[in-house]
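K.L.:
The residues making up each chain are set out below.
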Amino acid sequence: MSGHGNMNLTLKVWKQKNKDTKGKFETYQAKGISPDMSFLEMFDVVNEQLISGNQEPIAFDHDCREGICGACSMYINGRPHGPKGGVTTCQLHMRSFKDGDTIVVEPWRSAAFPVIKDLAVDRSSFDRIISAGGFVSVNTGNSKDANNILINKDDADEAFNAAACIGCGACVAACKNSSAMLFVSAKVSQLALLPQGQIERYDRVLNMVKQMDEEGFGNCTNTGACEAECPKSISLENIARLNREYSAAKLMQDKVN
Amino acid sequence: MSNKTGLLTSSIGKKILMGITGLFLISFLLVHCFINALIFFNDGGETFNKGAEFMGTNWLIRTMEIVLFIGIFAHIFLALKLTLDNRKARPIGYQLVNGTANSTWYSRWMGLLGTLILMFLIIHLAHFWVQSRFTDNLAHTREHIVGNQITMFDRMSIVFSELWIVVLYCLSMVSLAYHLLHGFQSAFQSLGLNHKKYSPLIKTTGVAFSILIPLIFASMPLVMHFGIIK
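Going down the list, the sequences are from chains A and B. Going letter by letter, the first sequence gives residues 1 to 257 in my numbering. Going letter by letter, the second sequence gives residues 1001 to 1230 in my numbering.
The set of hints was computed from the structure by calculation and includes no laboratory data. Where a beta carbon is used, it is the ideal one built from N, C-alpha and C, also for glycine. Fair warning: there could be bad hints in the mix.
Stated by the list, open to error - Not close to chain B: a few residues of chain A, all C-beta gaps over 12 Å, as computed:
{"#": "1", "residue": "LYS12"}
{"#": "2", "residue": "SER34"}
{"#": "3", "residue": "LEU40"}
{"#": "4", "residue": "VAL46"}
{"#": "5", "residue": "GLU106"}
{"#": "6", "residue": "PHE113"}
{"#": "7", "residue": "ALA156"}
{"#": "8", "residue": "SER179"}
{"#": "9", "residue": "GLN198"}
{"#": "10", "residue": "GLY216"}
{"#": "11", "residue": "ALA225"}
{"#": "12", "residue": "ASN238"}
Stated by the list, open to error - Here are the simulated DSS-like pairs of lysine-lysine, each with C-alpha atoms no more than 25 Å apart in a straight line:
{"#": "13", "chain 1": "B", "residue 1": "LYS1196", "chain 2": "A", "residue 2": "LYS15"}
{"#": "14", "chain 1": "B", "residue 1": "LYS1088", "chain 2": "A", "residue 2": "LYS22"}
{"#": "15", "chain 1": "A", "residue 1": "LYS24", "chain 2": "A", "residue 2": "LYS153"}
{"#": "16", "chain 1": "A", "residue 1": "LYS12", "chain 2": "A", "residue 2": "LYS153"}
{"#": "17", "chain 1": "A", "residue 1": "LYS19", "chain 2": "B", "residue 2": "LYS1050"}
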């Protein structure tokens, strides 16, 4: 099986039965890995070997495998989504490693992301933050004319950049405080920048921040690790905007909060 | 919809207070540095002692001294609260963390740098502030000396005659410099004061401040120890 240029690797992978049990590292040998494989394909090969040897495969999240769904979530050699910038784990190729390397693979670590099994974590805390305010309420009915609402190009671009967030949780995984500020700031920004988002603007930021805190995420200390590790390169400027939106909501909203 | 997320309870609220107290302490450093730099007149501490007298007797400054202590305690209390919360947010740590790949070491070690500064602060207050506020050992100026009293400038000469104290002060200023290097721009970010045009200016000012102010402070024990200023 080991063809020309193929690699043999040692994997140290976190194995955990479920969220109520204690996990531990298991060592696996990944043999004959093509440098052109993605990191997830390498795991597929290892899992096939495990299954054919009557062993339990390693559980991990994956879906689109083209970097847009936000499902994959591996903390590889001390960094979320591995050593390359601006890519998800599924876009990481084995040529980023050397033959004979030992690779340590861990799940996202956060109280708000409990481990479901092995490398798969429960990120429904993100869904609950979105449910708390990451939406615009619109009346259903006939579709409106395109370009009915004019939007400044700069604002549209900024909103689009924020909307690029795929909600993978790498920001939380990278942050030494397990803060979800980059995720929440991107979701608040994409709507705060657009006219459609203005009606619920203040309720949105207050409710989303409240939910974020209730989920048990940590506090941002502006280290910038989230921005550096974000596969979609979401900017820290969004966090400043979130802080601004929050202050504005506190000051401007007429309700007693 | 009601939100019971106050300034003291919400994550962003705490960060805003951290930023405000941080900037307030930065403004104090500027005033402190300016007054102390009066020793560079090299007039036997005459100008400096006048400055110290003004700071010690002006009612506005004395009121601000109380506000300053509140600011310091709030900054420390918030830091402890945030650190404990953050520990809880990751009960099981990583086996392998490559922090250098995504952030500066001093941004990750703000708590340790702050603790070193606090330890220095306690020693520093014992050296000078306690002497001037709670004992009769110091006179405001030479003209006011009664009995065995000395001036604040004389006190500096005595304290900085010990080499290990000079070394301690200089090392503490290194801690301060790194704490400021992250803290200065971080405070603006926490307050949401971010702008494509002005943020680079804030960052440059922050770096300049973080290097210059601790450097001027560190030079004071050095010049007094080696008798350049006397």
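K.L.:
Kindly indicate which numbered hints from before are broken by the structure, ordering the numbers from low to high.
P.N.:
Result: hints 1, 5, 6, 8, 10, 11, 12, 13, 15, 16 and 17 break, sorted rising.
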